[in-house]
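Asker: Below, each chain spelled out in residue letters.
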Amino acid sequence: MIRIELPAHLRTLARVNGDVQVDVSGAATLGAVLDALEACHPVLRGTIRDHVTLRRRPFVRYFACEEDFSHEPPETPLPNAVAIGVEPFLVVGALAGG
Amino acid sequence: MSRVRVLVGTRKGAFVLNSDGTRKQWDVGGPHFAGWEIYHVKGSAADPSRIFASQSSSWFGQVMQRSDDGGSTWQPVGNQFSYDGVPGTHQWYDGTPHPWEFKRVWHLEPSATDPDTVLAGVEDAALFKSSDGGQTWKELSGLRGHGSGPAWAPGAGGLCLHTIMLDPTNASRIYIAISAAGAFRSDDSGASWRPINQGLRSKHIPDPTAEVGHCVHRIAMHRSRPNVLFMQKHWDVMRSDNAGDSWQRISGNLPTDFGFTMGVHAHEPDTVYVVPIKSDSEHFPLDGKLQVFRSRSGGNEWEPLTKGLPQHDCYVNVLRGAMAIDSLDSCGVYFGTTGGQVYASPDGGDHWTAIVRDLPPVLSVEVQTLPS
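In order, the protein sequences belong to chains L and C.
Each step along the first sequence adds one to the number in my numbering, with nothing skipped, and position 36 is 36.
Each step along the second sequence adds one to the number in my numbering, with nothing skipped, and position 106 is 106.
There's no promise every hint is true.
Pairwise CB distance ranges, derived in the manner of DEER restraints [unchecked claim]:
#1 L:12 with C:204: 38 to 46 Å
#2 C:35 with L:63: 18 to 26 Å
#3 L:59 with C:114: 32 to 40 Å
#4 L:1 with C:135: 26 to 34 Å
#5 L:15 with C:327: 30 to 38 Å
#6 C:158 with L:42: 25 to 33 Å
With the Cβ distance kept under 10 Å, some of the chain L side facing chain C (calculated, not the full set) [claimed, not checked]:
#7 10
#8 13
#9 42
#10 43
#11 45
#12 46
#13 50
#14 51
#15 52
#16 58
#17 60
#18 93
Simulated from the structure, these hints should not be mistaken for laboratory data.
A virtual CB, placed ideally from N, CA and C, is assigned to each residue, including glycine.
The shape of chain L in the complex, shown without the other chains (with noise of 0.2 Å):
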C-alpha cells in the first residue's frame, strides 16, 4: 500500500481526507505510482499531468522522502520506505516566494 499526500484542492476534488492509498502491482516508480492514483480517482486526470503527454504541470512539484523527483522519468523508482508505505509521497503544489 503506497499512501499519496495530495494538496488540499485536489482533496477536495477527489473528495478525499488525509492520504491517498493505492496499491501498485510492480515496481513503485514514479509513473506507476500516479497510473494507480488516477485509476483511482479518475477525476484527478489532467490535474497533474497533462492527458496526453503525462508531462507534470508546470506548478506541481513531488517530493518523496526530503527528495525531489518532480524532474525525474516516470520509471524512476522510488524509495523503499514509499513503497511499503512508512513514508508519503507527495505531490504539492509549487509555491513561490516573495
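Starting from the known structure of chain L, arrange chain C on it as the hints suggest.
Answerer: Showing chain C alone in chain L's frame:
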C-alpha cells in the same frame, strides 16, 4: 410569480444567488469549488436545472463541473480539451510565432434545445463542443483552422475565446469573439467561419482596419433581432445591422468608450447597457464614479445610471462576462465587480442595489429566469 437565479463566477469560487421575482431578498449559496478560479457558470435553457461551470487553476489546470439540480450539488465531468491535429502557432505579444496551448475555458454556451449539448470557448482561442453533457469535448477546428489563425495575438488577458452567441432563429448560425482576433460568424453550425470585423478600427495593430487582430471585449444581441449586434471593443462601442458584415461606431456621448461588458434589455431591442472604464491603462471608472450607461436608441445617445451605485472613491473594474439580464416583465440587470460586489437593478437600470458585496473578484455573472 417567477424567480431568478444568479450564477456568479469569481477568482475564488462560484456563488449561486436566488431570489423571488421581487428581487429584494437574496439567498447566497457557496462558495462552490472554493479557492479555484471560476471563469463562467451558465445554465441550460433546455433544462434550467442543468448548469455547467468552468473551474480552473494555474496549478492544477482545468476542471469542468455540472449540476443537475440548479447548483445545489455538482459532479466533475470531462476536462480533456485536445486541439484537433497539430495545433500550430499564433502570434505572441511581440508578433513572433507562439505555439497554441490550452489554458482554460472562458465561456460556456449550452444549447437552447438539447441539455446535453454545450459549447466551450477556450484560451488559447478555440471552440469545443460536447454532446454528452460535458463528458467529452471535441474541437470545432474550422474556427482555429481559419486561414487567419496564425495572425491572432493575445490581449492582455490572453488569447481567449470569451463570447459565444447562438442565433435563436437560425440553428446553424453562431457568433464568437476572441481577444485579440475579433468577431467571427459561422452559418453552418461551426464547421466554417468568417471574420466579421469590417468597420472596426484598432490602433494596436499595424493595419488598423485589418481583417483580424481586433481586441473585441464583448458582443451582444437581442433574441428577437439577431441580425443586430452590439460590440464593446477595447476602445469603441459598435453596432452592426447585418449580422456583423459591417460595423458602425455608436459611442456617441459616452464619457469614455473603453470598457469590457455590455448587455441588451430583455424586452427592448434598442436598449443597450455598457459600463465605461477610464482607459486601457486605468481599469476603473472615471472619477471614481461607478456608472452604467444606457442607450434607448440603439447607441449614440447614452444616459448615466447612478442611483444606488457608488459615486465617489470607486476604483473597481467590471469584466467582460460580468453583466447579465433577466427576462422578467420588469427587466432586471445585474453586474459584478472586481471588488466583489454584485449589483442588481430590478427596473431596467433606474435603481441599483448590491445584492452581495464582499465576494472575491467577480469574473462572470449569468442569470436564469425561472418559474416559481
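Asker: Give a verdict on every hint.
Answerer: Verification of the supplied hints:
1. In this structure the hint that residue 12 (chain L) and residue 204 (chain C) lie 38 to 46 Å apart at CB holds, the actual value being about 40 Å.
2. At about 21 Å, the CB distance of residue 35 (chain C) to residue 63 (chain L) agrees with the hint of 18 to 26 Å.
3. Separation of residue 59 (chain L) from residue 114 (chain C) is about 36 Å and conforms to the stated range, judged on CB atoms against 32 to 40 Å.
4. Evaluation of the 26 to 34 Å hint for residue 1 (chain L) and residue 135 (chain C) yields a pass: the beta carbon distance comes to about 31 Å.
5. Checked against the hint of 30 to 38 Å, the pair residue 15 (chain L) and residue 327 (chain C) passes, with Cβ atoms roughly 36 Å apart.
6. With their beta carbons about 28 Å apart, residue 158 (chain C) and residue 42 (chain L) fall inside the hinted range of 25 to 33 Å.
7. With a least beta-carbon distance of about 6 Å to chain C, the hint placing residue 10 (chain L) at the interface is held under the 10 Å criterion.
8. Restraint check, residue 13 (chain L) versus chain C: the minimum CB separation of about 6 Å is within 10 Å; hint holds.
9. Among the interface hints, the one on residue 42 (chain L) holds; its C-beta lies about 9 Å from the nearest C-beta in chain C, closer than the 10 Å criterion.
10. For residue 43 (chain L), the interface hint holds, since its Cβ comes within 10 Å of a Cβ in chain C; the closest pair sits about 5 Å apart.
11. Proximity of residue 45 (chain L) to chain C holds as hinted, the smallest CB-CB distance being about 7 Å (cut-off 10 Å).
12. With 10 Å as the threshold, the beta carbon of residue 46 (chain L) comes within range of chain C, its nearest partner Cβ sitting at about 5 Å, so the hint holds.
13. A hinted interface residue such as residue 50 (chain L) counts as satisfied when its beta carbon comes closer than 10 Å to some beta carbon of chain C; here the least separation is about 8 Å, so the hint holds.
14. Using the Cβ-Cβ criterion of 10 Å, the hint placing residue 51 (chain L) at the interface with chain C is satisfied: the shortest such distance is roughly 5 Å.
15. Residue-level restraint check for residue 52 (chain L) holds (minimum Cβ-Cβ distance to chain C is 6 Å; threshold 10 Å).
16. Annotation: interface hint on residue 58 (chain L) holds; nearest CB of chain C at approximately 9 Å, less than 10 Å.
17. Below 10 Å, beta-carbon pairs count as interface contacts, and residue 60 (chain L) has one with chain C at about 7 Å; its hint therefore holds.
18. With its C-beta approaching chain C no nearer than about 5 Å, residue 93 (chain L) sits inside the 10 Å limit, and its interface hint holds.
Against the hints set out earlier in the document, no violation occurs for any number.
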